[in-house]
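J.: Protein chains in written order, with my numbering: chain A, 1 to 339; chain B, 340 to 665; chain C, 666 to 1019.
Incorrect hints may have been included.
As the list claims (entries may be wrong) - Some, not all, of what chain C presents toward chain B, calculated at C-beta under 10 angstroms:
hint : residue
1    : Phe804
2    : Leu826
3    : Ala830
4    : Ala938
5    : Gly939
6    : Ala943
What the hints assert, rightly or not - Just the calculated beta-carbon pair ranges, DEER-fashion:
hint : chain 1 : residue 1 : chain 2 : residue 2 : range
7    : B       : Lys501    : C       : Gly740    : 21 to 27 angstroms
8    : A       : Glu5      : B       : Met655    : 49 to 55 angstroms
9    : A       : Gly12     : B       : Gln345    : 55 to 61 angstroms
10   : A       : Leu211    : C       : Glu858    : 57 to 63 angstroms
11   : B       : Thr661    : A       : Ala81     : 38 to 44 angstroms
Everything labelled a hint here was simulated from the structure, so no lab data went into it. Just so you know, even glycine gets a beta-carbon here, dropped at the ideal spot from N, CA and C.
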Amino acid sequence: MSSSEPVLTVRGLNVDYGTGDGAVHALRDIDLTLHRGEVLGLAGESGSGKSTLAYAVTRLLSPPGVITGGGVHYHRRDGGALDLLALSATELRAFRWQELSIVFQGAMNSLNPVHTVHSQLTDVLQAHRPELGRPERTARARELLALVGISADRLAAYPHQLSGGMRQRVMIAMALALEPEIVIMDEPTTALDVVMQRQILRQLVRLREELGFSVVFITHDISLLIEFSDRIAIMYGGRIVEEAAASAIYRDPRHPYSDGLLHSFPALHGPRRELTGIPGSPPHLSAMPAGCAFHPRCGKAVDACATHVPALAAPDGDATRTVACWLHHPAPATTPPRP
Amino acid sequence: MKYLLQRLAFYLVTAWAAITINFLIPRMMPGDPVQALLSRFQGQLDTGAIDSLKALFGLDQHRSLWQQYTDYWAHLLDGDLGLSFTFFPTPVGEVIAQSLPWTLALVGITTLISFLLGTGIGVLTGWRRGSWMDGLLPVTTFISAIPYFWLGLIAIALFAVKWPVFPAAGGYDGSLVPAFDWPFISSALYHGALPGLTIVLSAVAGWILGMRNMMVTVSSEDYVMVAQAKGLSERRVMFGYAARNAILPNISGFALSLGFIVGGTLLVEMVFSYPGIGYQLFQAVGAKDYPLMQGVFLIITLSVLAANLLADILYMALDPRTRREA
Amino acid sequence: MAATIAEAAVADPAGTGPDGTPASGRRRLRFLRGRKTVVGLGILAFFVVIAVVGPWIAPYDPDTMGDQLLQPPSGAHWFGTTQTGQDVLSQILVGTRGVLVVGFVAGILATLLSVLIGVSAGFLGGTADELLSLLSNVFLVIPGLPLIIIIASFVSDTGDLLIAAVIALTSWAWGARVLRAQTLSLRRRDYVEAARATGESTWRIIFFEVLPNLTAVIASGFVSTVIFAILSEITLAFIGVADISDWNWGTVLFWAQSNQALAQGAWWWFVPAGLCIALLGMSLALINFGIDEFVNPRLRTETGASGKVRMRVGFTPVVHASEPRASGPTASEPRASLARPPLAPGTHDKEPRP
Chain A
1 MSSSEPVLTV RGLNVDYGTG DGAVHALRDI DLTLHRGEVL GLAGESGSGK
51 STLAYAVTRL LSPPGVITGG GVHYHRRDGG ALDLLALSAT ELRAFRWQEL
101 SIVFQGAMNS LNPVHTVHSQ LTDVLQAHRP ELGRPERTAR ARELLALVGI
151 SADRLAAYPH QLSGGMRQRV MIAMALALEP EIVIMDEPTT ALDVVMQRQI
201 LRQLVRLREE LGFSVVFITH DISLLIEFSD RIAIMYGGRI VEEAAASAIY
251 RDPRHPYSDG LLHSFPALHG PRRELTGIPG SPPHLSAMPA GCAFHPRCGK
301 AVDACATHVP ALAAPDGDAT RTVACWLHHP APATTPPRP
Chain B
340 MKYLLQRLAF YLVTAWAAIT INFLIPRMMP GDPVQALLSR FQGQLDTGAI
390 DSLKALFGLD QHRSLWQQYT DYWAHLLDGD LGLSFTFFPT PVGEVIAQSL
440 PWTLALVGIT TLISFLLGTG IGVLTGWRRG SWMDGLLPVT TFISAIPYFW
490 LGLIAIALFA VKWPVFPAAG GYDGSLVPAF DWPFISSALY HGALPGLTIV
540 LSAVAGWILG MRNMMVTVSS EDYVMVAQAK GLSERRVMFG YAARNAILPN
590 ISGFALSLGF IVGGTLLVEM VFSYPGIGYQ LFQAVGAKDY PLMQGVFLII
640 TLSVLAANLL ADILYMALDP RTRREA
Chain C
666 MAATIAEAAV ADPAGTGPDG TPASGRRRLR FLRGRKTVVG LGILAFFVVI
716 AVVGPWIAPY DPDTMGDQLL QPPSGAHWFG TTQTGQDVLS QILVGTRGVL
766 VVGFVAGILA TLLSVLIGVS AGFLGGTADE LLSLLSNVFL VIPGLPLIII
816 IASFVSDTGD LLIAAVIALT SWAWGARVLR AQTLSLRRRD YVEAARATGE
866 STWRIIFFEV LPNLTAVIAS GFVSTVIFAI LSEITLAFIG VADISDWNWG
916 TVLFWAQSNQ ALAQGAWWWF VPAGLCIALL GMSLALINFG IDEFVNPRLR
966 TETGASGKVR MRVGFTPVVH ASEPRASGPT ASEPRASLAR PPLAPGTHDK
1016 EPRP
């Protein structure tokens, strides 16, 4: 059901933590397109920048995060585009949740402990649909809970009275309250057990088919991504290193890091793979290696990898995917062509 | 309900502990200052008064400690706190009954004002970090380090001596008879303004700092980020999400710092010769009036416990997690 | 202030890393680098020096009466004179020692009590914990100052040390409460559990595994108690409960008050003592802020932002660099590897390491 029409485009996005001399680069030159109706998976280890990307796109990144360049555009159905980085606070408030909602990681802390489920489901309606009266808001809240399979009598409950799985469902119901075009899911199921995890993800897939929103699905568990997403972007050290259809990533990963990630998780379907993992640990943002950030851990690194950052581009002969690796692009000359 | 009962039980234990401490102090201290007082007032005391002082201060050496303890309780439950020597021969209970309303009004109103004001400013400074209001922080730190009574002295020097805008002492105009009418109430308010302002200025700083720090801590909680992501109005995020949660620890803190605040206000009463129990305590200390001192301590402790209970009820109303499902 | 320590402590108990490893010594000393802490320690050091050398550098004997009665500050008497011609500056200088001695002795005693009671309660658990917690809660709620006044006025001979002991006895409870909560959370940490499992003795675990990680909390409790003790002591002197023949700042205020300094407009008699109290109190409060911010980095006023960019929760600022960025950094580009690690990473990437 995905189309080639974009709904969210990110071009050359750069994000720093801090400003001035103390700044570290958290995201560099991110290019990413989310198409209408698709599930786009974002994978990577801790600190690879995938959550930073999600929050930067919505401009929710906490201090000291600063967006230092690039563009993020939201495309309406009528063809108009909205520059999210140019919006004022008021415009941003109107845009948020209406067009793009987020299911946050750790549902334990995502609900306000002192307000009822009802209050937290309806305050967003009150903010964005002022024309609705109180009875209509309550009716909508009931409807939303029913959507995720929670009985309406839980409306009066406080978060501490709900189980972890129920809280996550409430968060999902909340994300769908205004029927947004885009839902970002940041580790939506990490805190849950495996059975609950699957149950909730299935429900999500069904809801997406009914309501037709696009999803950015962030998780470190690449096997989940392969099962549930259409396309996958893999992040390392604040950059996207490979982007392709889920099946292509699974069958034929081009970047050595993607390959390593695939061998870090047991596959749920298909032939068993050997679990080898990736030697070493991800670099700290303040001490990013020169050249390709992955080269110190890469078994296939060549000379150019240590000095030059590979650009994200189509590997030879395959226009459906991109990868940032010197193994798939003509390696540069040994002397740097420009500073 | 269970939470409230637990708190109630705790306050009963604390009240018992305070009364027992009060019982033990004169018995554990070397010397017999009360005996000296008794002999000084020999002939002016009737037997009943001597009996109650002996029971309250353990002067009857022939009775065992346990018997003394039960005697002590019997007198307390009778409402008998002994005779005040400063206001001889007025019973301590009467002296306290006359001065307590003054203290309750002064401390109650000023504490409420400083809590609300400080919390409000704290919410704003904690929410808008990096704004001009951060400049208030060093000032509040300095003010919170100043003892209440010294600020009172300065207030008198400035606004009662140098520019005589307010009276320097007393709770009302001496020419008036205490009554519930406008001349008396306005006079009481006029006299209470300077001590009240002193207390508010001293106490507000602590609330600002506490609330600011809680706001900063709570602002990075996930649910505040969710509220921002939902595109709620700034007011709703700031008050409904951040401040609403940040105030909870501040209310527990309120209960705990009440004893400290009361200590400070007693001193302000002394400086302003305000007719509350702090001033009575000051006079009692000067005159070595032990029955009055002990009576004042008991009544202060019980009032603080009652205020704590009120804070607990408020906390329970604000935090659903303390209410167990029925 | 103490409340924030307690709250922060729940988030990151006593300066342990996110993975629960004990804090290293260097990390523990890092709070010394904050601007607030440095200012606070500087002022405190100044008063400590005065406390040591005060009686020697005092220009006059504080008790000697002179013929210049109630004179405003002058070259001969920097802080003016009292009604009996005593030199106020000398009284302040001589009185500093008593203030600091009582403050620190009371602080040390109360801290020892709070560590003993709080750590035992947290570590032993069960009935012992409940009784000790009850004890500290009772002492927490009973108003301290009136109790101190009563005890002190029953004693005929009130020296500095006795006052300090009485203050300590009534002010240990807050520290004990915070330490109990801290110890409880430390006790559940892996490395303490491991030590218990390998059969190390309870006292060894407390001294080598638990106490070192409570340093920041204990220090903060100590500083708070010193503030409280100094205020209480000065108050006792001011209302005439403590021995007024010993000089301290409260005694100066006592004589000023009882000689109607206010009505006579002799501001120099009571202003210097009060300012000293406020300065000393502020220095201690600043040190405590330093410890607070060290325990709870979220409280730091400087968030790594320069003056130009307004950081605001929920609205990430967008700053377009004036010069176009190179499309990708190369080996020659300077690295920010020496920069202070940012606060935010880890806030958002909370997933367990694969």
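J.: Does each hint hold? Answer for all of them.
T.: Against the structure, the hints come out as follows:
1. The interface hint given for Phe804/C holds, since its Cβ lies 8 angstroms from the closest Cβ of chain B, which is under the 10 angstroms cut-off.
2. Evaluation of the Leu826/C hint against chain B yields a violated restraint, the C-beta minimum of about 16 angstroms exceeding 10 angstroms.
3. Because the beta carbon of Ala830/C sits about 13 angstroms from the nearest beta carbon in chain B, more than 10 angstroms, this interface hint is broken.
4. The beta carbon of Ala938/C comes within 8 angstroms of a beta carbon in chain B, closer than 10 angstroms, and the hint placing it at the interface holds.
5. Of the supplied interface hints, the one on Gly939/C holds, with its beta-carbon coming within about 4 angstroms of a beta-carbon of chain B, less than 10 angstroms.
6. Because the smallest distance between the Cβ of Ala943/C and any Cβ of chain B comes to about 4 angstroms, under 10 angstroms, the interface hint for this residue holds.
7. The hint said 21 to 27 angstroms for the Cβ distance between Lys501/B and Gly740/C, and at roughly 25 angstroms that hint holds.
8. For Glu5/A paired with Met655/B, a C-beta distance near 54 angstroms keeps the hint of 49 to 55 angstroms intact.
9. Distance hint check for Gly12/A and Gln345/B: the Cβ-Cβ separation is about 59 angstroms, which falls inside the suggested range of 55 to 61 angstroms.
10. A hinted range of 57 to 63 angstroms for the beta carbons of Leu211/A and Glu858/C is inconsistent with their spacing of about 47 angstroms.
11. Under the hint 38 to 44 angstroms, the C-beta atoms of Thr661/B and Ala81/A, about 50 angstroms apart, miss the expected range.
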